[in-house]
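**Student:** Read top to bottom, the protein sequences are chains A, B, C, D, E and F.
Counting in the UniProt record's numbering, the first sequence runs from 1 upward without gaps.
Counting in the UniProt record's numbering, the second sequence runs from 1 upward without gaps.
Counting in the UniProt record's numbering, the third sequence runs from 1 upward without gaps.
Counting in the UniProt record's numbering, the fourth sequence runs from 1 upward without gaps.
Counting in the UniProt record's numbering, the fifth sequence runs from 1 upward without gaps.
Counting in the UniProt record's numbering, the sixth sequence runs from 1 upward without gaps.
Honestly, the hints are just simulated from the structure, not real lab data.
Predicted model only: the values in this text are computed from it and were never measured.
Using N, Cα and C, we set each Cβ at its ideal position, and we do this for glycine too.
Heads up, a few of these hints could be off.
Covered by chain F, per the in silico footprint, the following chain E stretches (three or more residues, Cβ under 8 Å) [said to hold, decoys possible]: (1) 42 to 54; (2) 230 to 238; (3) 245 to 252.
Which residues of chain A face chain F? A few of them, derived with a C-beta cut under 10 Å, are [as the list claims (entries may be wrong)]: (4) Phe135; (5) Phe181; (6) Tyr186; (7) Lys244; (8) Leu258; (9) Pro267; (10) Ala280; (11) Leu308; (12) Tyr314; (13) Arg315.
6 protein chains.
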Amino acid sequence: MTLMKQLTANDEFTGYYLLKELEVKQTNGTPPKDYFDIVLCDASGQMPAKYWDATPTDKETFFPMGLVKVQGIVQTYREKLQVKIYRIRKATPEDGVALTDFIRSAPIRPVDLIHMIKQAIHSIIDDEIRTVVSFCVAKVEEKLMHYPAAKTHHHAYYAGLAYHIVRMLEIGEFICKQRPFLNPDYIKAGIILHDIAKPEEMIAQLGIVSDYSVQGKLIGHISMVSNWITEAAIRCDYDLQSEKIIALQHLVLSHHNLGEWGSPVQPQMAEAVALHHIDAMDAKLQMVEDALDTTPESEPWTPMIRGLENKAIYRFKE
Amino acid sequence: MTLMKQLTANDEFTGYYLLKELEVKQTNGTPPKDYFDIVLCDASGQMPAKYWDATPTDKETFFPMGLVKVQGIVQTYREKLQVKIYRIRKATPEDGVALTDFIRSAPIRPVDLIHMIKQAIHSIIDDEIRTVVSFCVAKVEEKLMHYPAAKTHHHAYYAGLAYHIVRMLEIGEFICKQRPFLNPDYIKAGIILHDIAKPEEMIAQLGIVSDYSVQGKLIGHISMVSNWITEAAIRCDYDLQSEKIIALQHLVLSHHNLGEWGSPVQPQMAEAVALHHIDAMDAKLQMVEDALDTTPESEPWTPMIRGLENKAIYRFKE
Amino acid sequence: MTLMKQLTANDEFTGYYLLKELEVKQTNGTPPKDYFDIVLCDASGQMPAKYWDATPTDKETFFPMGLVKVQGIVQTYREKLQVKIYRIRKATPEDGVALTDFIRSAPIRPVDLIHMIKQAIHSIIDDEIRTVVSFCVAKVEEKLMHYPAAKTHHHAYYAGLAYHIVRMLEIGEFICKQRPFLNPDYIKAGIILHDIAKPEEMIAQLGIVSDYSVQGKLIGHISMVSNWITEAAIRCDYDLQSEKIIALQHLVLSHHNLGEWGSPVQPQMAEAVALHHIDAMDAKLQMVEDALDTTPESEPWTPMIRGLENKAIYRFKE
Amino acid sequence: MTLMKQLTANDEFTGYYLLKELEVKQTNGTPPKDYFDIVLCDASGQMPAKYWDATPTDKETFFPMGLVKVQGIVQTYREKLQVKIYRIRKATPEDGVALTDFIRSAPIRPVDLIHMIKQAIHSIIDDEIRTVVSFCVAKVEEKLMHYPAAKTHHHAYYAGLAYHIVRMLEIGEFICKQRPFLNPDYIKAGIILHDIAKPEEMIAQLGIVSDYSVQGKLIGHISMVSNWITEAAIRCDYDLQSEKIIALQHLVLSHHNLGEWGSPVQPQMAEAVALHHIDAMDAKLQMVEDALDTTPESEPWTPMIRGLENKAIYRFKE
Amino acid sequence: MTLMKQLTANDEFTGYYLLKELEVKQTNGTPPKDYFDIVLCDASGQMPAKYWDATPTDKETFFPMGLVKVQGIVQTYREKLQVKIYRIRKATPEDGVALTDFIRSAPIRPVDLIHMIKQAIHSIIDDEIRTVVSFCVAKVEEKLMHYPAAKTHHHAYYAGLAYHIVRMLEIGEFICKQRPFLNPDYIKAGIILHDIAKPEEMIAQLGIVSDYSVQGKLIGHISMVSNWITEAAIRCDYDLQSEKIIALQHLVLSHHNLGEWGSPVQPQMAEAVALHHIDAMDAKLQMVEDALDTTPESEPWTPMIRGLENKAIYRFKE
Amino acid sequence: MTLMKQLTANDEFTGYYLLKELEVKQTNGTPPKDYFDIVLCDASGQMPAKYWDATPTDKETFFPMGLVKVQGIVQTYREKLQVKIYRIRKATPEDGVALTDFIRSAPIRPVDLIHMIKQAIHSIIDDEIRTVVSFCVAKVEEKLMHYPAAKTHHHAYYAGLAYHIVRMLEIGEFICKQRPFLNPDYIKAGIILHDIAKPEEMIAQLGIVSDYSVQGKLIGHISMVSNWITEAAIRCDYDLQSEKIIALQHLVLSHHNLGEWGSPVQPQMAEAVALHHIDAMDAKLQMVEDALDTTPESEPWTPMIRGLENKAIYRFKE
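For reference, chain A alone in the conformation it holds in the complex (with noise of 0.2 Å):
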């Protein structure tokens, strides 16, 4: 089977992969006809699709996130690739294909990165601490599995977050070995709660996030794990006015730095400075290794980044 990145013009191909959009369009004639405007994909990439003469009965058979075997040719429409659909079906169990197998994930699999996580939560020493991250992580464990860590910023695809995390949490252990003034436990407490809430606030499948919750629009991820950490600290019956808490409510809230980024307050224990600069260079350094990875090898120059003042990357030749 041909995977979408490797199709070029003209080629004429049958797979399988996953509607990711799909929308009834109509033709400009008269009478009009109904058409499915479609993007495909898979794993390695994204491709437009047309698919004409879409029957009644196929507008109750296909749906976005479906997987479905297709027989087509590669056409250049605008410059761009673009399938022409000559027959289309749904997948069935026979045919032994999985969806997680036709989208984009962390190059980690889920239930390692979920290992890493506990183990790191594990080895935080102060019981108060270490409670309340288990009592945040425990609230969304489950969509921690594969949820992204946002809907187009960085690490956008299934398990993001986790991977985000996990990515983290090395840099964090390089950094309190080089500045042994850091406290550890704060470090890897900051980095395992500061987008704990993503999950709640954000509404997706597959990786792919399709809106925001009302919860996430009206409160935010950042003040929502505040309050699951008062909630913590309640349901454990832990001091609200200790400085554990406050310093675990201070790192998540402050760690967009500024105002204007999201954060009410700003950095003012030093482990929230360095949850900030740790976070930063990861998201960064993925949204320029994910924009590498999907740009063709023969194309000197990424996408615009918009999360790196919207400039694409060159890639040199060495």
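Starting from the structure of chain A, add chains B, C, D, E and F where the hints point.
**Tutor:** Coordinates of chains B, C, D, E and F only, in the frame set by chain A:
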């Protein structure tokens, strides 16, 4: 006894005043001598003062925020009035003067303000909203009797916070009548809760803020209230995901309107938009009123007001 | 006759509507054929429509801002409702329909709004202030009967400007009662004058702004009012340097508060600070109310509102 | 007599100077003694001075902005030169010195500057434009003989405003020749009118601005000129809606280019774009020239210049 | 032959034009057919065009930036003029038409512009400055004959850069006469060098920029010139630390005035301040002149101009 | 000998210290007397001091940046500690004290830092990159032994720049291991080169910056390095247009990330994005660490740190 704001150059006077600030300094002579650099105040205003030749006993007797009886003369120094103190002694119980008579305070008695706030709470129809508001107010009820609403910005005097809330409730009541699509319960709750954590954010005495608390700096009053609402919901066994809890948290979190003004989310419910504007209108107009009140009648311009784009206000003669 | 906002997919209907927009387009076929790309509206809302096979006669018959009788069917196109027009003809006097029945307008009759504004002018005690206000209102009195307050921002409908003024007068009356140090004459004058040049700044028909006038672009409504006050003073033989004339000009010039919002000076008199906040409160809350009114009850979120930090408003149930 | 800029450490000297600033201060001794904290200046520069042991008679004799004869010595205090005054007396008519000899002023005589401005007015071809310009200039003609163009920013000296206008007229003449599509009448009118209300916006004596007028603060010179143009048109019975009146008002209103720089509208006619750049070029280059002129030759860097992004200018040796 | 700017609706015409843009598109029909979406231009303006029924041979015959002979008719599509092409063929040598006759270009011949620039270089008195300038100009001399000054902002046509330099030299000459404290050598050098690397920063053909070079994006023309000056100094064996080399680099590096406009340092020498304002004045006025030139006489407003705060320019009649 | 940071009120002491600052001032008495206003320091901290009754000989004996032996007493002045000096003399060779023992410096010996940097250079695989880096380092090698990384912002002490580079190399090594798509040669080169011109941009002695050089102000360290790379390429006969030279210049030019932070271009290669974040992380965390180190243990808050949004850092007790 002469009021501060009535003293003019060359007046000799005797009276009771509050030692608002006191610093021990030394003259440049050889050997240097100790003197007191003082700010005297009463409810009508304040004036700098010098007490030359302070004795070691004096240094152990006089401290800021104490009442004193002073005999002195008003002189002009660098175009400003300044008191030269001849004699000074601490006020005694026999003098029959009370600290609270010497500070600026809201024009309505604290007990009456608290009563009005309680009536407003009582008038909230929805049980859940009313209970959460009561819970949060109870946390600071004692301090609400005397805390200012800010360090210097607005309502910076005894019971200023309660006064700010009461005046906003008046505006809120009017707006709800004018625009019936607004929910009065949310308007009242938003007004009472929006700054309710300020007494825990700031450290104040007699309406004068000396500093911010650790929690105030690291969490901020906006997020503190959000956490208190979470706590209230848990203590009262309300659903943390209910629209009412989310709405109350949203009202508080968004009331500064913009990220750069400290709000992690922007107003996204009708009452939140209203709350921001009720707050702004009351705070800004109070700044103007206070500036005009404390500027001598003879001055056409108030000092510059930081909260009003750093502009002075002109007093039109009508 | 069915209201626009009540039409749903697959409804067949006949009724009178306003041809709000009409563009002649051509199909891509060979030879291309003319069709009409239309927006139909009534006072309840609007909907796009297509009229295929427009004849040369049709092209000379139908123009924007005319009333038509339409027979058609509602279809779904790109997830949005759209009318396919079967038959269309211009409304005739015999049909007994009036343009003003088909447009959005203020909830109070224009004559009543004008009456209220005149009463407010009448209640201004100071002769000079009252005369200047009357002079400026007289310049646009006829247009004040129907002009909107803005192109799209707020009160963008028939008699929206007069409605905005009347509602602000209500708030102004309340604030003057709450804060007696404010001069009601200046508050009333500022409210009535602040946007009074808008009918000369914008070109509107039936409450719909099509463009800005040359003077509107080159001078702007704020400076235009300032010039009108100068004119009023000269015509009435008032001293151009008097505090009253300066105060009135200052109220108008400063009411946008900041230079980047179009005010060449910032508020520096108490009533100017009040005016800005009365204006902001009324404009912002009206944006919210209008957005909720014109969003179908079934939708929890309004569209994004540019004047509210580009945020949508959530409709809480209860 | 020695010029200020030529005095160096330890020089003993006698001469006439202007008492630019004078404050009575008191030493810290017991009892404190009065002394004068003074700024002496002449047209070449200025220097701080101290006059110890000021008598009560001295305090009633010496005031700012008076000419004095001084005998003193130059000392170094905190790495800066400072005069210690031995003897001081007021200048008398017999001394034959004139105030205007001791202040900075434009390098061209005021009468000549006014003459050049009048010639430029005279050369305006269009009657209506010429008449409006004459009307506005007539309002301040006497003050135009000596007013500065700004408080500190640029051309802050005797007849600085007239000099600024004359130099801009030179640039304007060149630009009109280089780019014939520009209308010289509008260029001349815009240059002469753009700051013509400054003498009413500021309160100045001998080219030194002490404050802004009430009208200056509340209306601002930009809107004041707009009002004057309205007045001129009415007095001369011109159509207030004519393109010429609108163009003149637009030129003035837009000449600061951006809202945050005080212009309520942005340049939207060719001559308005030109006017802004002619103004900027002349003001900025004059700041540079003045800073270099008043910085001792031995200093490679001028002080920081606020109007030039707060940068200092380096003096290259060529 | 009819000029583009003279064509009006329903004109039938035959003539030579430049195929400025050409895209092969497909109709929505089944089966879809190829057609050309074209932009035709000559020196007077440009117009979109459609060529339906493009054959496979056509697709291999016509490419952008080629001259063609066209027979067609002008139609109105979406209120804009558009050509429907009946017949099209490539121009042949026998047709006697030249590419350069069909593009916009500076109003002075490139050879003359280069000559003027060389004269200016020749008139630089200082050997070192003159040599460095010559060295840098030599790097791009051939491209200077035809490169534009920018992609779209200003002087975006054939030889636009050389024209920009020549016009700035005229302003520079005037300013040096008006303000003799400016060093003409630095003014001339700064003007010639400030954008001299643009031909290496951008990729252009016939005065039309298609993209930026890799070096242009990664280094930028400002830093490129700085490097070239370093190179010039080394090649000519000048001291890299000399004031002249530093001054030349400073002139170039600071000419955008602010960091957010691309200058790593701000102007700190008199000539650098002058250079920025000479550049701004010429660029902005040229934007205005070009916009007025290319807007039909009947239109009172030009399109919005991004470099002028996105404002349109009004064409006053007289 | 007592360390500065250990001195408390009323301590009498004798010891060697560095005269970091010395100003001769005069008392206000008649006649005024000379005294020294001094800052004493050692490696642990600093304290203001007064030496009353300075003789003419003293004024010719003592200068800033000299070592002295002091006998004195610690007093409290305006709530801060201050030394009153009884006796003072210059340190002599016999005293056996060295300047470098009395200043703050990096926690690793300069020779070791230089060694580490050289090892990093040595490990660069690509000859061209390694040679260019060596060339630039050679320009400042001697100064790299002791220069700070900034005037006050971060690493503002002896050998601070070398220490900053070494710590960044550690982070760089980690990141290259974590993200193998990064080119270690570019990461190392970017780290070593990014601030390598600072010793020529600033004028420093013993790690204390007194001013910026003329070249530093007019060119800035970022563009200076770019020029040095050009010079290196020419001297070594490398192609100035090669991707390697462009990449090295891009790394340096973009490392401040934004125009308003001084970078003329924004990061557009993966290693440039990484470099910016490595630099930010090291600089910000060092600011925190240094602030905590130099704040007495008893103080819960450090002073405000300008580079951290002007926030103070709280010291949590764990």
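**Student:** Can you tell me if the region 245 to 252 of chain E counts as covered by chain F, using C-beta to C-beta distances under 8 Å and a minimum of three residues?
**Tutor:** Three-residue rule met by the region 245 to 252 of chain E, so holds; n is 4.
**Student:** Hint A/Tyr186 vs chain F: min CB-CB distance below 10 Å?
**Tutor:** 8 Å, holds
**Student:** Against chain F, with CB atoms and a cut of 10 Å, does the hint on A/Arg315 hold up?
**Tutor:** Status holds, d = 8 Å.
**Student:** Regarding the hint that A/Leu258 lies at the interface with chain F, is the smallest CB-CB distance below 10 Å?
**Tutor:** Holds, because the Cβ-Cβ distance from A/Leu258 to chain F comes to roughly 7 Å (cut-off 10 Å).
**Student:** Tell me if the interface restraint on A/Tyr314 is satisfied: Cβ within less than 10 Å of some Cβ in chain F.
**Tutor:** 5 Å, holds
**Student:** Should the interface hint for A/Phe135 be scored as holding, given a Cβ-Cβ cut-off of 10 Å against chain F?
**Tutor:** Not OK, violated: A/Phe135 not within 10 Å of chain F, min 20 Å.
**Student:** Is the interface hint for A/Pro267 satisfied, with its Cβ closer than 10 Å to some Cβ of chain F?
**Tutor:** 7 Å, holds
**Student:** Report holds or violated for the interface hint on A/Ala280, using the least CB-CB distance to chain F and a cut-off of 10 Å.
**Tutor:** This hint holds: A/Ala280 lies near chain F, its Cβ roughly 6 Å from the closest one there, short of 10 Å.
**Student:** State whether the coverage of the region 42 to 54 of chain E by chain F holds or is violated, taking the criterion as 3 or more residues with Cβ-Cβ distances under 8 Å.
**Tutor:** violated (count 0)
**Student:** For the hint on A/Leu308, does the least C-beta distance to chain F fall short of 10 Å?
**Tutor:** At about 7 Å, which falls below the 10 Å cut-off, the nearest Cβ of chain F leaves the hint on A/Leu308 intact, so it holds.
**Student:** Go through the hint on A/Phe181 and say holds or violated, using the shortest Cβ distance to chain F against 10 Å.
**Tutor:** With a closest approach of 6 Å, the A/Phe181 hint holds.
**Student:** Is the hint on A/Lys244 kept, meaning its closest Cβ partner in chain F is under 10 Å away?
**Tutor:** 8 Å, holds
Violated hints, in rising order: 1 and 4; the structure is consistent with all others.
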